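Asker: Here's the letter readout for the chains.
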Amino acid sequence: MGSTITEKILARAGGLDRVRPGQNAPFRPDYMIAYDYPGYTDVMFRQMADDFGIDRVKDPERYVLFIDHMTTRNDEREKQMHDVTREWGRRNGVEVHEGMGIGHQVSAELGYAMPGKFLVHFDGHVSGLGAFGALGWGVRKDLLEAWVTGAVYLDVPASTQFHLEGRFAEGVDNRDLIHHIIASYGADACAHQVMEYVGPGARNMTIDRRQGLCAMAMFTGAVSAIFNPDEKSLAYVEKVARAPFEPVYSDPDAEYSAKYSIDLDALSPQVVLPGSAKSANTRPVEAVAGTEIQHAYIGSCASGRIEEIRAAAELLKGKKVAPGVQFNVVPTSQRIYAQAQAEGLLDILAEAGARVAGASCDFCVGYASPLKPGDKCVSTGVLNISGRMGSTDAEIYMGSAYTVAASALAGRIVDPREVMS
Amino acid sequence: MSVVEPVFAGRVAWIFGDDFDVDLIIGVENIKYYDPDKLRSVCMQAFDPAFVTEVRPGDIVVGGRNFGYGHPHYPAMISLRNAGIVAVVAESYAPGFWRGELYQGMPLVTVPGISSVLQRWDDVEVDWKAATVRVARTGEVLQGTPPSAHAIEVTEAGGGLNLLRAQYGGGRAPAAAETVPAS
Chain A
1 MGSTITEKIL ARAGGLDRVR PGQNAPFRPD YMIAYDYPGY TDVMFRQMAD DFGIDRVKDP
61 ERYVLFIDHM TTRNDEREKQ MHDVTREWGR RNGVEVHEGM GIGHQVSAEL GYAMPGKFLV
121 HFDGHVSGLG AFGALGWGVR KDLLEAWVTG AVYLDVPAST QFHLEGRFAE GVDNRDLIHH
181 IIASYGADAC AHQVMEYVGP GARNMTIDRR QGLCAMAMFT GAVSAIFNPD EKSLAYVEKV
241 ARAPFEPVYS DPDAEYSAKY SIDLDALSPQ VVLPGSAKSA NTRPVEAVAG TEIQHAYIGS
301 CASGRIEEIR AAAELLKGKK VAPGVQFNVV PTSQRIYAQA QAEGLLDILA EAGARVAGAS
361 CDFCVGYASP LKPGDKCVST GVLNISGRMG STDAEIYMGS AYTVAASALA GRIVDPREVM
421 S
Chain B
1 MSVVEPVFAG RVAWIFGDDF DVDLIIGVEN IKYYDPDKLR SVCMQAFDPA FVTEVRPGDI
61 VVGGRNFGYG HPHYPAMISL RNAGIVAVVA ESYAPGFWRG ELYQGMPLVT VPGISSVLQR
121 WDDVEVDWKA ATVRVARTGE VLQGTPPSAH AIEVTEAGGG LNLLRAQYGG GRAPAAAETV
181 PAS
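One line per chain: the protein sequences are A and B, in this order. Residue numbering for the first sequence follows our numbering, beginning at 1 and increasing consecutively. Residue numbering for the second sequence follows our numbering, beginning at 1 and increasing consecutively.
Check each hint, because a few of them may be wrong.
What the hints assert, rightly or not - Chain B regions said to be covered by chain A (calculated; three or more residues, Cβ under 8 Å):
#1 76–85
#2 88–102
#3 121–128
To be verified - Going by beta-carbon spacing under 10 Å, a handful of chain A positions derived as facing chain B:
#4 V84
#5 L154
#6 A158
#7 T291
#8 G353
#9 V356
Unchecked claim - Derived CB-CB ranges, DEER-like:
#10 A:G344 <-> B:A149: 44 to 52 Å
#11 A:V43 <-> B:A46: 40 to 48 Å
#12 A:E61 <-> B:N82: 48 to 56 Å
#13 B:S41 <-> A:N24: 37 to 45 Å
#14 B:G17 <-> A:G290: 37 to 45 Å
#15 B:N82 <-> A:Y260: 37 to 45 Å
#16 A:G2 <-> B:A149: 38 to 46 Å
In case anyone wonders, no lab produced these hints; they're calculated from the structure. Small disclaimer: the values here were computed from a predicted structure and weren't measured. By construction, the Cβ of each residue, glycine as well, lies at the ideal position given by its N, Cα and C atoms.
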């Protein structure tokens, strides 16, 4: 019996010949990533020094820090927090990446996400790096264990295979696919497992879409998601890789706990009702069409890439955002921002009345441009729990960039296919 | 040495449904508070305002499938722990919640089918390492899925940080540089 790509990556990281689902062992990540955030990194820095005598880490190249949250107010509190991170990075010889955008995207741009590599973070959306044939795993506070010991104990996950056929229809993207999966198979369909995307539909999918898809894995209960490397991901990584890497692939006779087949052509736009991404909250866009909105947002680690900016520009070109709607478009990284600018997309958006902001996590978490009580927002952010983007009395609907942009034009949730046809 | 009793004898203080978002225990407007008095004042208010006065140290809570789904914040479970809850028994757990609470040291017992068998205030005996639940009312013993040896080790230590401290505290951890360079 063969192994999945996930099992092969973990076997290497664990120094083992092979691993099997359910096996518990320490695994040594290639990179151990964090963004600075109050109560997380500042506490970890202190614990490392005070509890574990780590004045300076042994393998600084394995530690990665991003400054991507709390970057938009430029006040004293932000400065103090980031200074603690900068100082720790300087003292340890650990790279601190700031002003470049959302870490889960910048990790790819800087070549950390190489096929076959194992990366951990306290934040689960690091799963987005699975687009490159790497395994990204959000281990929450066990990141400290990794930082202190160099390895982290994990249960080897089983994998669920999603065989994708075809291509997304116009006005439909990876966001509709993940919500279709949650609605069809359940919010715990892949609990404690890795989602593995295969088939012609997976190969057809662009890197941006793969990243957005993998970034949302946690909402099926998965610990991560992954694509096997192919020409597209290898071409990307070869330009940016910061270390030698060895791609691994699932064996044809690898074992899966379940296999599902999905025809991408048959998917339609999905919208998630306020509360959470669970199955019962997922609706075809037609079912919520007409819901008035005051806010629209394209961005986050699961969106805001060049394809989403292009989608928004395509819909908004020569039109105006509806009166009374604030439409924030936040490219996921400054590199994407520059590309969108070079393609003329940001001018189109600005002329249409959208507000384009520099890359950060702050809009997705309600730190920048927070929602007020009574507001309704349609969002490509990763979460729509109450209070996520501001007031706990605001409501957040989630959908694709097509759905968000079309809704921003209409002032109410609409089916983007109606606007595009 | 374990800081956790091997068997809990207590009552079922509450039974939550499937896909339960633990932040609702205290209300999403309170998920950033750690002050014990504040947490006590909001704990389970939306479910049973008398909860914190009726619950006794040693009681447990029961969850359905995918307990902890959503984006769990730590204060909700801290509020239950402060009120006396010593363990969770659920049909299954959302991975993020499971990892986060294991780190916090809360015994998490997986017993498929549990939520339809128990009633509120049932007296139960929970052997968390064996994943068995004895129900006094019926005499039935439910068998779940025992935790891994590592999860037992973390729980017995009182959580991930305490285990690390026991293993590496006071000395130099494996990740420390061999020599401090002259500066």
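Asker: Each hint needs a verdict: does it hold in this structure or not?
Answerer: Against the structure, the hints:
1. 76–85: Since 0 is below three, the answer is violated.
2. 88–102: Per the Cβ count (8), the hint holds.
3. 121–128: violated (count 0)
4. V84: violated (19 Å)
5. L154: holds (9 Å)
6. A158: Interface hint status for A:A158: violated (12 Å vs cutoff 10 Å).
7. T291: Where the cut-off is 10 Å and the nearest Cβ of chain B is about 21 Å from A:T291, the hint is violated.
8. G353: It is violated, given that the least Cβ distance between A:G353 and chain B is near 31 Å, above 10 Å.
9. V356: Given a least distance of 27 Å, the restraint on A:V356 is violated.
10. A:G344 <-> B:A149: 44 to 52 Å: At roughly 59 Å between Cβ atoms, B:A149 and A:G344 fall outside 44 to 52 Å, so the hint is violated.
11. A:V43 <-> B:A46: 40 to 48 Å: violated (30 Å)
12. A:E61 <-> B:N82: 48 to 56 Å: violated (42 Å)
13. B:S41 <-> A:N24: 37 to 45 Å: At 39 Å between Cβs, range holds.
14. B:G17 <-> A:G290: 37 to 45 Å: violated (30 Å)
15. B:N82 <-> A:Y260: 37 to 45 Å: holds (42 Å)
16. A:G2 <-> B:A149: 38 to 46 Å: Once the Cβ atoms are compared, 27 Å apart, the range 38 to 46 Å for B:A149 and A:G2 is violated.
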